[in-house]
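So the sequences go chain by chain: A and B. Positions in the first sequence are counted from 1; adding 4 to them yields the numbering used here. Positions in the second sequence are counted from 1; adding 4 to them yields the numbering used here.
Hints may contain errors.
[To be verified] Derived DSSO-like pairs (lysine-lysine); straight-line CA-CA distance at most 27 Å:
(1) B:K98 - A:K282
(2) B:K256 - A:K141
(3) B:K98 - B:K86
(4) B:K282 - A:K228
(5) B:K86 - A:K141
(6) A:K200 - B:K200
(7) A:K282 - B:K228
[As the list claims (entries may be wrong)] Computed Cβ-Cβ distance ranges for the label pairs, DEER-style:
(8) B:E333 - A:K256: 40 to 48 Å
(9) A:S257 - B:D192: 46 to 54 Å
(10) B:E176 - A:S35: 54 to 62 Å
(11) B:D155 - A:G213: 30 to 38 Å
(12) B:K282 - A:S59: 16 to 24 Å
(13) B:T204 - A:E45: 57 to 65 Å
(14) B:D192 - A:R49: 40 to 48 Å
[Unchecked claim] Over 12 Å on every C-beta distance to chain B, these chain A residues come out as not near it, computed from the model:
(15) Q55
(16) D58
(17) A73
(18) K85
(19) C156
(20) N224
Hints in this document: simulated from the structure, not taken from any laboratory. Note that this is a predicted model, so its numbers are computed, not measured. No residue lacks a Cβ here, since even glycine has one placed at the ideal position from N, Cα and C.
Number of protein chains: 2
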Amino acid sequence: MTIKISIDCMGGDHGPAVTIPAAISFLKQESEAELILVGREDELRAELKKQHADSHPRLSVKNATEVVAMDDPIEVALRRKKDSSMRVAIELVKDGSANACVSAGNTGALMAVSRYVLKTMADVDRPAICSILPNEKGKPTYMLDLGANVDCEPHHLHQFAIMGSVLCSAMEGIGKPTIGLLNVGTEDIKGNEVVKATATLLRADHERGALNFYGNIEGNDIFKGTTDVVVCDGFVGNVTLKAIEGLAHFFKSAFRDNLLSMLGALIAYKSLKKLNPKSYNGAGLLGLKGLVFKSHGGADAYGFEWAIRRAFDAAKYNVQEQLSTMIAELMPKSTPAEAPGATIKQSSV
Amino acid sequence: MTIKISIDCMGGDHGPAVTIPAAISFLKQESEAELILVGREDELRAELKKQHADSHPRLSVKNATEVVAMDDPIEVALRRKKDSSMRVAIELVKDGSANACVSAGNTGALMAVSRYVLKTMADVDRPAICSILPNEKGKPTYMLDLGANVDCEPHHLHQFAIMGSVLCSAMEGIGKPTIGLLNVGTEDIKGNEVVKATATLLRADHERGALNFYGNIEGNDIFKGTTDVVVCDGFVGNVTLKAIEGLAHFFKSAFRDNLLSMLGALIAYKSLKKLNPKSYNGAGLLGLKGLVFKSHGGADAYGFEWAIRRAFDAAKYNVQEQLSTMIAELMPKSTPAEAPGATIKQSSV
């Protein structure tokens, strides 16, 4: 079976210099993959030539004349750049030419354009961003939402839990992933009103065997791997994720302080590698009528290749179909309708 | 000038075995300090004897027959353990026998008992927990609230900003510390409604020269040291802090994976030491009519000594008086009155 992935080759901090080597390397690993490179054709062909891959049988180029810049406001990406590499890559998913799409572009723009082009799935109020983080059990922790929705109601968090559970189940082959609700303590009385009401919804699903709700968890449980899935609103998720990235950067900079500690870090490298955030690159935009994956904007080729891998696996494991089924089965039909233009996070995750 | 600190010697995971060696060591460093050790007198005297410090001229013992356990509900600490070491230590601040108090006990209980015994300062709606974190500039980042208030209105966050600024100014000798509002992006349009309204309040203070408001910051700015003070609600603050602790633990456990990486970590130790969280122990409970500092429950003697140091410095630099002055000056008098019994976080920070 061939799985086709469209790649926004112009997105991210580095553009084709990173996205194309990543694509070529991925094709070497994965014989079932076919990649459609989207962007300014001359630039893409030049980079392909440089990489001696201008006639790869499973690579094609789709021209798109515009580029969504990392600091473009959502409105610009949405209304003024209709031939952007980002948009064209997503349109390939919509028209069935690709099974999933990958972009390292501006998160807010990617979410907005994806919602506009693909539309939101039936019974889903708001798509969410789901990423994976490494944990002490040596497995990935699936966490969502990471910034698409800064003001959430309980039924939004409930939907995030269902979507995160489906993604984790499909990608990791876990029957019923455990779901933790991020909170300031583990007891039922803890938390703000939204979180408490969400716990009630999730407990009801748990009791009828629909979801595997573990209960409240705390910030440190993300890295302990207490649950397979961690649910939170986009404000908390985004701040937490960026604080984590900030601390990781701080550690790295401390190591670079002097030669001796660089040497130490080098020796400890094998263990540190386990924490390599690059291999955890590739966040899913869940709840759309199509699969879109977001790479970190600053990812190098190795990191971007992991994002392609995530999109490929999601398509291979039929995440989209499983999402539809689970949502149709679990989502309460009485969900209040959402006003159009709900808050969308703009900066990169 | 002598500064007296009351110490809840029974609190935390280790009790007198940690608190008393820390107290003795601190007295060696600080000739102006006088410490009042609070707890079960026989246990404290036994530990003092063990440490050959049973007749130190600047150490006294105050008997308290009960102990607030780390998992005691707030109600138990508040209503049933009226002779707890925690409560007696706080009462010594109230009656003027001590200039500040330190406890490693249960955060929720410490906040509740402090509020009950000392009362909240005039014009402050809710006390907040303010801790320091290391940053890449080699300075501390003051962050609040870290869990006392999970549901916040803009005027609460506004008050946290004022209190954090005063503490940072007094402790670090910075005239007008920069204040960052934790958000999902730096632009004014970013964030949820509470954060946007808070920014408006802080900008007004900035424009009239009352506070030094930097603007919105993101999670990674905490460790970059972009601003001296970071303001957020207690839900976001608590989850972020615990996620950070979780990641730090993950790094440590990765280093312990094998002998070689332990060696590497050892070589890199000098740089890692800079990040030593122990020296950043001691969170201030701000907004009470008296100074209370909270040590991490699991702190060792070295860490607990840092919490005593924080309390001592806060008393020495007249933080309480400065808080009163700044709050009287800056706090809008139209602040809505707060219902009693506002949410208090219970688990340890």
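*Earlier hints that do not hold, by number*: 1, 5, 9, 12, 13, 19 and 20
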